[in-house]
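In order, the protein sequence lines correspond to chains X and L. Residue numbering for the first sequence follows our numbering, beginning at 1 and increasing consecutively. Residue numbering for the second sequence follows our numbering, beginning at 1 and increasing consecutively.
In short, the hints are calculated from the structure, not lab data. Please read all numbers here as calculations on a predicted model, not as lab measurements. A few of these clues could be false.
Taking beta-carbon pairs under 7 Å as the criterion, some of the chain L residues facing chain X (in silico) [to be verified]: (1) A20; (2) I48; (3) S59; (4) I64; (5) I78.
Cβ atoms here follow ideal geometry from the backbone N, Cα and C, with glycine treated the same way.
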Amino acid sequence: MKTENENILKGIGAAPGIAVAKAFLYKKEKEEIADELVSDVEEALANLDIALEKSKKELRKIFSLAVDKLGEKRAAIFEAQIMILDDPILVTAIKERINKEKRIPEFIVNDEISKYTNLMNLSHEAFMKERSHDIEDIKNRIIRNLKKKKWKSRITSDVVVVTTTVSPSDTILFSRVNVKGYVTDFGGLTSHAAIVARSLNIPAVVGLHEATNRIKDGDLIIIDGFRGEVIINPDEEQHKIYDKKIERLHKQDVELDLMHGLQAETTDGREIQLLANLELTDEIEVILQSGAKGIGLVRTEQLFEEYEAFPDEEEQYNVYKIIAERIYPESVIIRSFDIGGDKVLPVDLKEPNPFLGWRGIRLMLDNPKMLKTQIRAILRASSHKNVKFMLPMIASICEVRSTKEIINECKAELKKEGKHFDNHMDVGIMIEVPSAAVLIKDFAEEVDFVSIGTNDLIQYLLAVDRGNEIVSSIYQEFHPSVVRTLNNIIQEGKKAKILVSMCGEMAADPVAVPLLVGFGIKSLSVSSSAIPLIKKVIRSLSYKELQPLVDECLALKTEKEINELLHKFYNSKLVNKIKNLYEA
Amino acid sequence: MIERKLTIINNAGLHTRPAATIVKLASKYKCDFFLNKDGFHINGKSIIGVMTLAAEKGSEITLIFDGEDEEPASREIIDYFQRGFDEL
Numbered sequence: 001m002k003t004e005n006e007n008i009l010k011g012i013g014a015a016p017g018i019a020v021a022k023a024f025l026y027k028k029e030k031e032e033i034a035d036e037l038v039s040d041v042e043e044a045l046a047n048l049d050i051a052l053e054k055s056k057k058e059l060r061k062i063f064s065l066a067v068d069k070l071g072e073k074r075a076a077i078f079e080a081q082i083m084i085l086d087d088p089i090l091v092t093a094i095k096e097r098i099n100k101e102k103r104i105p106e107f108i109v110n111d112e113i114s115k116y117t118n119l120m121n122l123s124h125e126a127f128m129k130e131r132s133h134d135i136e137d138i139k140n141r142i143i144r145n146l147k148k149k150k151w152k153s154r155i156t157s158d159v160v161v162v163t164t165t166v167s168p169s170d171t172i173l174f175s176r177v178n179v180k181g182y183v184t185d186f187g188g189l190t191s192h193a194a195i196v197a198r199s200l201n202i203p204a205v206v207g208l209h210e211a212t213n214r215i216k217d218g219d220l221i222i223i224d225g226f227r228g229e230v231i232i233n234p235d236e237e238q239h240k241i242y243d244k245k246i247e248r249l250h251k252q253d254v255e256l257d258l259m260h261g262l263q264a265e266t267t268d269g270r271e272i273q274l275l276a277n278l279e280l281t282d283e284i285e286v287i288l289q290s291g292a293k294g295i296g297l298v299r300t301e302q303l304f305e306e307y308e309a310f311p312d313e314e315e316q317y318n319v320y321k322i323i324a325e326r327i328y329p330e331s332v333i334i335r336s337f338d339i340g341g342d343k344v345l346p347v348d349l350k351e352p353n354p355f356l357g358w359r360g361i362r363l364m365l366d367n368p369k370m371l372k373t374q375i376r377a378i379l380r381a382s383s384h385k386n387v388k389f390m391l392p393m394i395a396s397i398c399e400v401r402s403t404k405e406i407i408n409e410c411k412a413e414l415k416k417e418g419k420h421f422d423n424h425m426d427v428g429i430m431i432e433v434p435s436a437a438v439l440i441k442d443f444a445e446e447v448d449f450v451s452i453g454t455n456d457l458i459q460y461l462l463a464v465d466r467g468n469e470i471v472s473s474i475y476q477e478f479h480p481s482v483v484r485t486l487n488n489i490i491q492e493g494k495k496a497k498i499l500v501s502m503c504g505e506m507a508a509d510p511v512a513v514p515l516l517v518g519f520g521i522k523s524l525s526v527s528s529s530a531i532p533l534i535k536k537v538i539r540s541l542s543y544k545e546l547q548p549l550v551d552e553c554l555a556l557k558t559e560k561e562i563n564e565l566l567h568k569f570y571n572s573k574l575v576n577k578i579k580n581l582y583e584a
Numbered sequence: 001m002i003e004r005k006l007t008i009i010n011n012a013g014l015h016t017r018p019a020a021t022i023v024k025l026a027s028k029y030k031c032d033f034f035l036n037k038d039g040f041h042i043n044g045k046s047i048i049g050v051m052t053l054a055a056e057k058g059s060e061i062t063l064i065f066d067g068e069d070e071e072p073a074s075r076e077i078i079d080y081f082q083r084g085f086d087e088l
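Sequences and hints are given; from them, build the entire structure.
Written out as structure tokens, the structure reads:
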């Protein structure tokens, strides 16, 4: 008998698909700064200039957004940090040493700046230790930017990225090359690696704990996003098994392509508007091929990561315009920047609880100039009347009203400037804060549509940090409070005759979709890779026949019972109709 | 060359904001500008250098100006010290 294969790692399958490729180990933790020599001094000096310039832009971006929140003392430190990047004595000393010693810039930067921090640490004054930390901060920023440049040049195409976690800025690093999959030590279904992988239609396995220890750079690995498994240097038998699976997947892809022209319609004729979420701007072509009936969510914060400085009106307009034109005559919902304080504030000022902090509309309303820039760009892209604007993290009616005032200001300005826009552009909100779910009736009078963001709504409703593995098991889609809240939002939306959509992960869960369709949801927005599957699920359902299931779910008191009931339904009514789609 | 010994008179001492201001003022002039304190000889046009000085209230610093426009440079910077970095 064969024992459990030792070259298999088990984790969570976060994005479906199978890939066989070489591993690219992406280590981000602070490495030793090696004392290496450079072969090309000119190139090293140029890289230093680029890193200094990039650091300056980053700091200015943070500074411009957060200046009111920093306090005078921190603001001064920020300014001093920016000045350090221009310090003629320091920069000249670093450059002279690179020229003379021909060592890598990281080493010289570290060595040169450490001279100053060492001096500061000699002092017995507490404030000098603090100051030394600030200098340390700027040093690490320069070194990080020097290294990033190196990483960029090292990443080759057609690899599976193996790393601890994937941050939004890491995905920018990888989006330019043809990454075959993501394997991470940490994270769950809603981690950034998972979301991006699903949107790019590549497999991801997360939460493997020891992937970066077990997998070596260049190892051949099989990543199975269905089973949540990673096989390191597969043997012949394993290769054979997966060759067959991949072949079967190709056949399914062909079958799914046939769904392209079909409506997402129940057997009793209820059409569900099936939309796609857009994560990365390059994704628009994939969405057009997927058969989506429009775009239900554009996460504009990705732009914030892509550009070093805050993207100006023209830059944003060009991006939004292309999306709106390409998706025409269907519509696109563009969501305002959903950035959090954790992305904007300097490390030492980070909020202890960023999910309950300065993020979404709160940050935007505190930065009216930035909000205006975005609204103007979106309005200008709306001239074909197929653009809608959505606000994230809304908790109070006054946030909607304040934003609408700004929208009206922008409209008046654009009118004066003679620029075209849709004067009746729909404005909607994300329902992701429980207070907005409670006040849904009142919000429905203020806005043209709502979109339920299940990831955050569940996390806030159940007070569970979805990124915290210790409690992630009590992050439950089918908790009775979640199920009833969703139903309430959908019913109130119906009464008020406004569109209720859903753009969270739940919308792409084939087990949850029968419940949502049964509630009467009109629109679902999912990653483009999930569209054929969800379409097939919808086409297998009868709205009328779903009603007993809905009533029972609303009456049950525990998550376990609801979960079991929905799985029973899925296994008995759906699984054979969509078989082979998920289980390869 | 102009040399001048001064005492820090504001409560917070030579903290980050005045350090930045001193460097900005000094950068306007062509002359060399150094700060001497406890045997440390610091280039006053280098923000990172000036920040290494732990100069609390009551400590003494010698300013040295050397170059063609040392006259106006010393006047402006010494005045800034004497105003207690505008924090009195």
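Right, here's what the structure says about each hint:
no.: 1; hint: A20; result: holds, 5 Å
no.: 2; hint: I48; result: holds, 5 Å
no.: 3; hint: S59; result: violated, 11 Å
no.: 4; hint: I64; result: violated, 15 Å
no.: 5; hint: I78; result: violated, 22 Å
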